[in-house]
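> One letter stands for each residue in the lines below.
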Amino acid sequence: MNRKMVFYTCGQMLLLEAVLLFLPLISSFMFGESCAWAFMITIGISAALGVVVMALSKPDTTVIYSREGFVITALSWLILSAVGALPFVISGEIPSYVDAFFETVSGFTTTGASILTDLESMSRGLLLWRSFTHWVGGMGILVLVMAVLPMTTDRSIHIMRAEMPGPVVGKLVPRVRQTAKILYIIYIILTVSEIIMLLAGGMSLFEAAVHAFGTAGTGGFGIKSDSIASYSPYIQWVMTAFMIIFAANFNLYYLILIKRFKSILSSEELWVYLGIIVFSVTAVSLNIHALYPTVGETVRHAAFQVMTVMSTSGFATTDFNLWPQFSKSLLFILMLIGGCAGSTAGGLKISRAVMLFKSGRRELKKMLHPRSVSSIRLEGKSVEDSTVSSVGVYFAFFAALQLMFFLLISFEPFDFETKVTSVVACFNNVGPGLGAVGPAGNYAAYTDFSKILLSIAMLFGRLEIYPIIFLLSPSVWKKKV
Amino acid sequence: MRIIIAGCGKIGASVLSSLASEGHDVVAVDKNNAVISELTNVYDVMGVCGNATDCDTLEEAGTADCGLFVAMTDSDELNMLSCFIAKKMGAEHTIARIRNPEYNDSSLGFLRQHLELSMAINPELGAARELYNILKFPSALKIETFSRRNLEMIEFRLDEDSDFAGKTLFEIRKKYNAKFLISCVQRGDDVYIPNGDFELKAGDKIGITSSMNEMQKLLKMLNSLRKQAKKILILGGSKTAYYLAKMFESSGSVTIIEQDEKRCAELTSLLPAATIICGNGTQQELLTEEGLNTCDAFVALTGIDEENILISIFAATQNVPKTVVKINRDELAALAKKIGIDSIVSPKEITSNILVQYARALDNSSGSAVETLYKIFDGKAEALEFLVNADSKLAGKMLKDIRLKPNILIGGIMRGRSTIIPAGSDSILAGDRVVVVSSKNRLNDINDILK
Numbered sequence: 000m001n002r003k004m005v006f007y008t009c010g011q012m013l014l015l016e017a018v019l020l021f022l023p024l025i026s027s028f029m030f031g032e033s034c035a036w037a038f039m040i041t042i043g044i045s046a047a048l049g050v051v052v053m054a055l056s057k058p059d060t061t062v063i064y065s066r067e068g069f070v071i072t073a074l075s076w077l078i079l080s081a082v083g084a085l086p087f088v089i090s091g092e093i094p095s096y097v098d099a100f101f102e103t104v105s106g107f108t109t110t111g112a113s114i115l116t117d118l119e120s121m122s123r124g125l126l127l128w129r130s131f132t133h134w135v136g137g138m139g140i141l142v143l144v145m146a147v148l149p150m151t152t153d154r155s156i157h158i159m160r161a162e163m164p165g166p167v168v169g170k171l172v173p174r175v176r177q178t179a180k181i182l183y184i185i186y187i188i189l190t191v192s193e194i195i196m197l198l199a200g201g202m203s204l205f206e207a208a209v210h211a212f213g214t215a216g217t218g219g220f221g222i223k224s225d226s227i228a229s230y231s232p233y234i235q236w237v238m239t240a241f242m243i244i245f246a247a248n249f250n251l252y253y254l255i256l257i258k259r260f261k262s263i264l265s266s267e268e269l270w271v272y273l274g275i276i277v278f279s280v281t282a283v284s285l286n287i288h289a290l291y292p293t294v295g296e297t298v299r300h301a302a303f304q305v306m307t308v309m310s311t312s313g314f315a316t317t318d319f320n321l322w323p324q325f326s327k328s329l330l331f332i333l334m335l336i337g338g339c340a341g342s343t344a345g346g347l348k349i350s351r352a353v354m355l356f357k358s359g360r361r362e363l364k365k366m367l368h369p370r371s372v373s374s375i376r377l378e379g380k381s382v383e384d385s386t387v388s389s390v391g392v393y394f395a396f397f398a399a400l401q402l403m404f405f406l407l408i409s410f411e412p413f414d415f416e417t418k419v420t421s422v423v424a425c426f427n428n429v430g431p432g433l434g435a436v437g438p439a440g441n442y443a444a445y446t447d448f449s450k451i452l453l454s455i456a457m458l459f460g461r462l463e464i465y466p467i468i469f470l471l472s473p474s475v476w477k478k479k480v
Numbered sequence: 000m001r002i003i004i005a006g007c008g009k010i011g012a013s014v015l016s017s018l019a020s021e022g023h024d025v026v027a028v029d030k031n032n033a034v035i036s037e038l039t040n041v042y043d044v045m046g047v048c049g050n051a052t053d054c055d056t057l058e059e060a061g062t063a064d065c066g067l068f069v070a071m072t073d074s075d076e077l078n079m080l081s082c083f084i085a086k087k088m089g090a091e092h093t094i095a096r097i098r099n100p101e102y103n104d105s106s107l108g109f110l111r112q113h114l115e116l117s118m119a120i121n122p123e124l125g126a127a128r129e130l131y132n133i134l135k136f137p138s139a140l141k142i143e144t145f146s147r148r149n150l151e152m153i154e155f156r157l158d159e160d161s162d163f164a165g166k167t168l169f170e171i172r173k174k175y176n177a178k179f180l181i182s183c184v185q186r187g188d189d190v191y192i193p194n195g196d197f198e199l200k201a202g203d204k205i206g207i208t209s210s211m212n213e214m215q216k217l218l219k220m221l222n223s224l225r226k227q228a229k230k231i232l233i234l235g236g237s238k239t240a241y242y243l244a245k246m247f248e249s250s251g252s253v254t255i256i257e258q259d260e261k262r263c264a265e266l267t268s269l270l271p272a273a274t275i276i277c278g279n280g281t282q283q284e285l286l287t288e289e290g291l292n293t294c295d296a297f298v299a300l301t302g303i304d305e306e307n308i309l310i311s312i313f314a315a316t317q318n319v320p321k322t323v324v325k326i327n328r329d330e331l332a333a334l335a336k337k338i339g340i341d342s343i344v345s346p347k348e349i350t351s352n353i354l355v356q357y358a359r360a361l362d363n364s365s366g367s368a369v370e371t372l373y374k375i376f377d378g379k380a381e382a383l384e385f386l387v388n389a390d391s392k393l394a395g396k397m398l399k400d401i402r403l404k405p406n407i408l409i410g411g412i413m414r415g416r417s418t419i420i421p422a423g424s425d426s427i428l429a430g431d432r433v434v435v436v437s438s439k440n441r442l443n444d445i446n447d448i449l450k
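Going down the list, the protein sequences come from chains A and B.
Position one of the first sequence corresponds to residue 0 (numbering that gives the first Met the number 0), numbered consecutively onward.
Position one of the second sequence corresponds to residue 0 (numbering that gives the first Met the number 0), numbered consecutively onward.
Excised from the complex, chain A in its bound form:
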């Protein structure tokens, strides 16, 4: 274990966080809010900590292996959230550190689960920071570190793999750093276009930025208790469209940039993704049409809710907790599936679901024809057996961990539906669940113990399980392998 490299990278990450905090700092100055000094203190702490850590852990060798990649990622995210929670506590607007930590983890992991009961009384600088954490966490803080800071190691692919979601993380271009840059450029272009389109719908710059950050990271923090319900249909449609965009694989946008349109149309994951969307929107619309006066409104609410859950954002235009059971069940299933690999969405990911389905079909065929030989194909290429089995193992962990978290919070005094959906909504980075944690409710009533558990669940979900497991296993930390 190259511990110095682990801490050194965490130090770099802290410096970057200090820089990122300037955005809310400047805006709270402009709003004339008193929370500015909370940001200043946090910037000081973050920068000082970063400099000290980097000075103390100048690495002897920059060689890292996948082990270090996992640990760097997990540790960075913990530190990132721990420091990111400070402005809320220092400003006194969220007095409890556990609550602030929950809120920040929820932000960085792009979950959008909140413990705040009175959003309208929060200062705008803090609300902006809360949403900005979505934006940073969506594409990944370490990917950003790679894009802007000179990376010390040739092997940063291990870090990228640990941080980026999806069963197989490939590069767009030969260099990791270039890849990270391209991803962030695409991300910024898309975010800015959403801000412009929201501005055109009559939002203020502050509102547009907050909601664009929330959609881009597929997070879901808003600034109103009823989320998006009071905004115009135009804004709701724009956000629906951008949720579709941000939950699709970012490699596709790179293919657009280099004008390889044919490859986009042949992307299997994309077609399955669009197919699920069309099917779900149709089914939900038919199921809920009695609740809304016009067809237009029915489809708008159905599409928005399907996308908010599938992209694991967690905005809402209506309280879907009041919908018929079929729609709620369908939404629950979509929470588990999530968006495409290589996007900012959470969940199991469509490509994994497709592979699981195909390998299930292959196993059935094997039972009928025990000697048959077949390979699983995805995106027109046969998938390595090791990848297929690793997807199976991932699914097993995915299910087992959610059951474990469910068991751990089971003593809370809520109904079954609330508890199941809180775990699923946190683990898959959706945010609002059903029952008491539905779009109209929130997580404030949970005990501190459960809040910490759910924060860990969110990190598990965002980093796709393994980094956190390795962070917690002492054998990985041994100096000698």
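None of these hints come from the bench; they were simulated from the model.
Keep in mind that a hint or two might mislead.
[Said to hold, decoys possible] Below, in silico cross-link-like pairs of lysine-lysine (PhoX-like), each with a Cα-Cα straight-line distance of 25 angstroms or less:
#1 Lys-86(B) - Lys-166(B)
#2 Lys-87(B) - Lys-258(A)
#3 Lys-219(B) - Lys-135(B)
#4 Lys-258(A) - Lys-135(B)
#5 Lys-57(A) - Lys-379(B)
#6 Lys-439(B) - Lys-261(A)
#7 Lys-57(A) - Lys-439(B)
Start from chain A and add chain B according to the hints.
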């Protein structure tokens, strides 16, 4: 620049590693998925798994806008075909590994022209040339030659009783009246570009730039000139052995020991002058019988590095005047150097050097590009040859007026047919070829040596 390397076996992987560390955008193509995932774990490169002659694979690797396409698979035919396809898809330059003697002897020019290859690389032929140079001048550990052989970089190890040990370069230069320059010194793991006050010690490995005649003069003064090897014993009938034997056909006698009967029969018809022995060369008995004790030089060229090292240890105990070993794996070469096996030839390294030089020359769109490049002393230093053109900032300047970056030295100037070992009063003219020795710098252009 985007460089695609198709076929990442031993040689392909080593080329990939040196080009990636040069800062190029490298894409690896190989049909073996395990190889690709290993390479992408270790180097900052992109991997594409597929056949190097498949258009879809090549398109995915980005052939259309690549600056250099290198085909390094096992098969010559595959290399030629994939280079041809890559060229048609838009690759600017293509380089194929072509090592079969049948292609190299006669049809290479035709093939290169019609396949539009920028270069054909033959690692085995390169290794044979290097071996030939060493055997012609056995006093040296290694010889790197620069254009037209007017200047060479010759590596020696200083023994305990060497006349150079304990002297500064300034003293040595005064004492021996020959035109040579000690331009690079390796002590332990460190490499120095020395100045006049540098004091040499026994055990140092030094690199001298000089012309061959001057070098012989110097060695005569030092009483350590060794005759060129005439009677050569080669172990292993590889392609390298064939090329080497061919070079010695007129000037020496060569014995090749090869295990495989069929290969022996081929070699006899290809090399009528050489003695071909069919037998297991790892048997010490056989080696002694075939004259290991009486030969001038022993060359271990089997396909297995470990075997080559072990047998050359045995050869050293039999007092063979000169032993040269082919070692492909860097780790083993480092180990072999530790136990005193100094004369090592690596086809892999030769190929990497050529490609690194080619890529640097491509990077340098104008001006005085790299003509020849050698990585010396375990890759810790470089010896480069540049052609100085009239636009260069160096042209027409006296050496004492040129302010060089640290760790750079001008090792020699070739003007027409004459070689100048430079002193402060010499000057560089347009049209000169300049040899620069450098460590810790990356030089693309002759102007890069200036502060």
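> Are the hints correct? Go through all of them and say.
For each hint, the structure was consulted:
| no. | hint | verdict |
| --- | --- | --- |
| 1 | Lys-86(B) - Lys-166(B) | violated, 55 angstroms |
| 2 | Lys-87(B) - Lys-258(A) | holds, 20 angstroms |
| 3 | Lys-219(B) - Lys-135(B) | holds, 16 angstroms |
| 4 | Lys-258(A) - Lys-135(B) | violated, 57 angstroms |
| 5 | Lys-57(A) - Lys-379(B) | holds, 23 angstroms |
| 6 | Lys-439(B) - Lys-261(A) | violated, 46 angstroms |
| 7 | Lys-57(A) - Lys-439(B) | holds, 21 angstroms |
Comparing the model with each earlier hint shows violations of hints 1, 4, 6; every other hint is respected.
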